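If you read the sequences in order, they're chains A and B. Under our numbering, the residues of the first sequence are numbered 1 to 330, in order. Under our numbering, the residues of the second sequence are numbered 1 to 174, in order.
Keep in mind that the hints were calculated from the coordinates and are not lab data. Be careful, since some hints might not be right.
[Said to hold, decoys possible] Short, incomplete list of chain B residues facing chain A, as computed with Cβ under 7 Å:
{"#": "1", "residue": "Ala8"}
{"#": "2", "residue": "Ala9"}
{"#": "3", "residue": "Gly58"}
{"#": "4", "residue": "Val69"}
{"#": "5", "residue": "Leu90"}
{"#": "6", "residue": "Ala91"}
{"#": "7", "residue": "Gly93"}
{"#": "8", "residue": "Gln110"}
{"#": "9", "residue": "Gly112"}
{"#": "10", "residue": "Ala140"}
{"#": "11", "residue": "Ala142"}
{"#": "12", "residue": "Arg147"}
{"#": "13", "residue": "Gly150"}
[To be verified] Cut-off 25 Å, straight-line C-alpha distance, at most; resulting in silico cross-link-like pairs (PhoX-like, lysine-lysine):
{"#": "14", "chain 1": "A", "residue 1": "Lys235", "chain 2": "B", "residue 2": "Lys138"}
{"#": "15", "chain 1": "B", "residue 1": "Lys153", "chain 2": "B", "residue 2": "Lys95"}
{"#": "16", "chain 1": "B", "residue 1": "Lys83", "chain 2": "B", "residue 2": "Lys153"}
{"#": "17", "chain 1": "A", "residue 1": "Lys57", "chain 2": "B", "residue 2": "Lys83"}
Nothing here was measured: the structure is a model prediction, and the numbers come from that model. Idealized CB from N, CA, C, for every residue including glycine.
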Amino acid sequence: MKPFSYARPASREEAVRLLSPTARPKGGGYDLLDLAKNGVSTPGTMVSLAAVPEMGKAWTGDHGETYLGGRMTLADLATLPAVRAACPVVADAAAEAATPLVRATATLAGNLLQRPRCTYFRDPFFECRKRGGAACPAMEGDHAEGAILGNRLCCAVHPSNLAAALLAAGAELRILTGVDGKGEPTWRTAAVDPAFFVAPEEDPLREARIGPGELVFDAVVPPCPSSAYVEVNQKASFDWASAAAAVVLEMDGGKVARARVALGAAAPVPLLSEAAAAALAGKAPGAKAAEAAAEAAVAGATPLRDNAHRVQHLRVCVKRAVLLAAGRGR
Amino acid sequence: MTSPPTRAARGRTVLHPLTVNGETKDVPFLPHETLLEVLRERMGLTGTKHGCELGECGACTVLVDGKPVLSCLLLALNAVGTKVETVEGLAEGGKLHPLQQAFVELGAAQCGYCTPGFLMTAKALLADRPRPDRPCLKDALAGNLCRCTGYLKIYEAVELAAERMAREKPPRGA
Ligand SMILES: Cc1cc2nc3c(=O)[nH]c(=O)nc-3n(C[C@H](O)[C@H](O)[C@H](O)COP(=O)(O)OP(=O)(O)OC[C@H]3O[C@@H](n4cnc5c(N)ncnc54)[C@H](O)[C@@H]3O)c2cc1C
Ligand code: FES
Ligand code: FES
Chain A
1 MKPFSYARPA SREEAVRLLS PTARPKGGGY DLLDLAKNGV STPGTMVSLA
51 AVPEMGKAWT GDHGETYLGG RMTLADLATL PAVRAACPVV ADAAAEAATP
101 LVRATATLAG NLLQRPRCTY FRDPFFECRK RGGAACPAME GDHAEGAILG
151 NRLCCAVHPS NLAAALLAAG AELRILTGVD GKGEPTWRTA AVDPAFFVAP
201 EEDPLREARI GPGELVFDAV VPPCPSSAYV EVNQKASFDW ASAAAAVVLE
251 MDGGKVARAR VALGAAAPVP LLSEAAAAAL AGKAPGAKAA EAAAEAAVAG
301 ATPLRDNAHR VQHLRVCVKR AVLLAAGRGR
Chain B
1 MTSPPTRAAR GRTVLHPLTV NGETKDVPFL PHETLLEVLR ERMGLTGTKH
51 GCELGECGAC TVLVDGKPVL SCLLLALNAV GTKVETVEGL AEGGKLHPLQ
101 QAFVELGAAQ CGYCTPGFLM TAKALLADRP RPDRPCLKDA LAGNLCRCTG
151 YLKIYEAVEL AAERMAREKP PRGA
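Could you put the whole structure together from the sequences, leaning on the hints where they help?
Have a look at this one:
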């Protein structure tokens with residue numbers, strides 16, 4: 001590993017002041033250290049967020065929205081009863097991620113902003129568009145775990161379970177951008193919507209619209225009791241998703257007034273499927289509507305030579321997530 | 001207990017106090033060294049194993065303040081001011097820990113490479129849930145991989161140890 005310096009600020013102001021293009025905030029560090037070991041990213045300074053107060057907690061706002069601290073662990077997101085009740089889609093997504101050993105340390109912001117897991121990206125021996133190369137070797141090479149949508153230039157899927165869940169939930173990030181002349185923190189908010197994510201066509205070098213000096217303080221999640229995240233894996237114990245769907249339903253009587261359907265592990269960025277949402281609007285969310293939504297979600301799929309199975313996996317995820325969400329929050 | 005350092009400069013080896021298995025020692029290491037590297041290469045504690053280095057296999061599991069962590073992905077600096085437990089600290093006074101004893105008796109280790117990680121994860125589990133049922137046990141151990149045993153012996157050994165430990169230390173109020 002290339003040497004780096006280390007800082008452990010005790011306040012959010014100090015933390016954001018320490019950030020720069022070469023100084024990375026460190027949540028659990030599980031992705032940062034992995035990337036640093038294989039030489040894909042070589043930060044000059046790791047800024048540990050472990051001692052920044054407030055960022056490790058969840059609390060409920062006046063309108064039933066849940067504030068989730070940026071360094072809350074996936075284990076906490078998966079198990080806190082308040083999170084499960086207010087936004088089950090987030091709790092499901094956290095519970096399905098990785099192993100208990102990883103979940104105990106990995107954080108909300110780190111999970112959202114982790115880099116893709118494509119083998120070619122993580123091995124500097126290969127050329128890779130995500131590291132500034134001119135081609136994507138996975139297109140011709142091993143892409144069994146590659147994208148089935150939005151895969152024209154690069155087929156590394158977006159790795160984050162929480163990204164799909166926060167997208168479906170219509171969450172908003174509260175981001176610290178720096179400190180003003182009086183030492184007070186400056187802020188911006190960013191909706192976790194399709195515009196937050198950056199597809200390879202626009203810039204293959206990043207997946208999210210967040211600056212190097214910015215710190216995700218927390219995520220604000222509107223109440224979404226009728227919601228669910230479902231993924232399909234090749235291995236039963238733990239595995240990266242072969243496909244995932246996060247579904248949030250707003251119900252009116254027995255019918256869906258509005259739906260948000262996010263597709264995970266399907267494309268280089270998490271996708272909001274307008275077509276799937278439209279297939280659910282005004283319908284009772286039973287098997288028929290769920291199947292129609294699943295079909296609509298995969299309609300534009302462009303699977304590669306070796307990953308057509310993921311189309312069916314995605315169908316299954318959408319259908320199951322709709323039915324699970326419909327059964328909740330009644 | 002010492003609090004963790006707030007700054008450490010790149011490339012500078014500095015002595016930091018690390019508390020491992022109840023003993024605090026000043027250990028020299030660089031800011032970018034992982035706890036796994038420091039335990040094995042600086043402290044000679046080679047019981048903790050170096051497996052995938054990616055967070056996937058759990059061979060490097062140690063306890064930090066009682067919580068199982070992957071030492072291959074944890075900076076040693078993050079362990080300053082905490083209590084680290086490794087497999088070397090399990091046996092007491094020459095007597096194996098009940099988990100180790102059960103692993104030996106039931107043949108839950110073959111090549112043994114995964115064993116220290118399993119023992120530490122299991123220790124944390126039993127501290128939290130003294131009598132886990134099988135699904136809970138399987139879930140807790142899902143981050144530790146074993147290429148030899150097929151897992152069944154490992155589950156049985158943890159259950160046997162749990163039973164013996166519960167007998168030795170009856171639950172409060174019993
Ligand atoms: C074996 C294994 C299996 C896994 N399986 C899954 C899975 O199935 N699904 C899944 O979603 N994930 C999975 N993961 C990823 C894991 O869940 C972690 O989310 C991931 O490793 C990063 O979390 P972290 O907190 O350690 O992030 P870090 O490594 O600390 O950070 C990751 C990135 O986020 C940035 N960052 C961190 N915090 C902030 C902040 N507050 N503000 C701004 N930027 C920040 C960092 O600078 C870095 O760029 C897996 C990981 C492993 C090792
Ligand atoms: S060596 Fe740490 S998880 Fe494999
Ligand atoms: S005993 Fe060989 S890997 Fe588990």
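Comparing the hints with the structure gives:
Interface restraint check for alanine 8 of chain B: the shortest CB-CB distance to chain A comes to about 4 Å, inside 7 Å, so the restraint holds. Annotation: interface hint on alanine 9 of chain B holds; nearest CB of chain A at approximately 5 Å, less than 7 Å. Annotation: glycine 58 of chain B was flagged as interfacial toward chain A, and the flag holds, the nearest CB pair being 6 Å apart, inside 7 Å. Evaluation of the valine 69 of chain B hint against chain A yields a held restraint, the C-beta minimum of about 6 Å falling below 7 Å.
The beta carbon of leucine 90 of chain B is not positioned within 7 Å of any beta carbon in chain A (closest approach about 18 Å), and the interface hint is therefore violated. At its closest, the beta carbon of alanine 91 of chain B sits 23 Å from a beta carbon of chain A; the interface hint therefore is violated under the 7 Å criterion. The interface hint given for glycine 93 of chain B is broken, as the beta carbon of that residue sits about 30 Å from the closest beta carbon of chain A, more than 7 Å. With a least beta-carbon distance of about 19 Å to chain A, the hint placing glutamine 110 of chain B at the interface is violated under the 7 Å criterion.
Hint status for glycine 112 of chain B relative to chain A: violated, with the closest Cβ pair at about 19 Å, above 7 Å. Look at alanine 140 of chain B: its Cβ gets to within about 6 Å of chain A, closer than 7 Å, so that hint holds up. Against a cut-off of 7 Å between C-beta atoms, the interface hint on alanine 142 of chain B holds, since the closest Cβ of chain A lies about 5 Å away. The criterion of a C-beta within 7 Å of any C-beta in chain A is not met by arginine 147 of chain B, whose closest approach is roughly 14 Å, and the hint is violated.
Taken as an interface hint, glycine 150 of chain B does not check out: its beta carbon lies about 13 Å from the nearest beta carbon of chain A, beyond 7 Å. Straight-line distance between C-alpha atoms of lysine 235 of chain A and lysine 138 of chain B comes to about 14 Å, which keeps the hinted pair within the 25 Å bound. Proposed proximity of lysine 153 of chain B and lysine 95 of chain B is supported: the alpha carbons are some 22 Å apart, at most 25 Å. With a C-alpha separation of about 30 Å, the suggested pair lysine 83 of chain B and lysine 153 of chain B falls outside the 25 Å cut-off, and the hint is violated.
Between lysine 57 of chain A and lysine 83 of chain B the CA atoms are separated by roughly 23 Å; this keeps the pair inside 25 Å, and the hint holds.
Figure legend: structure checked against the earlier numbered hints; hints not met, in rising order: 5, 6, 7, 8, 9, 12, 13 and 16.
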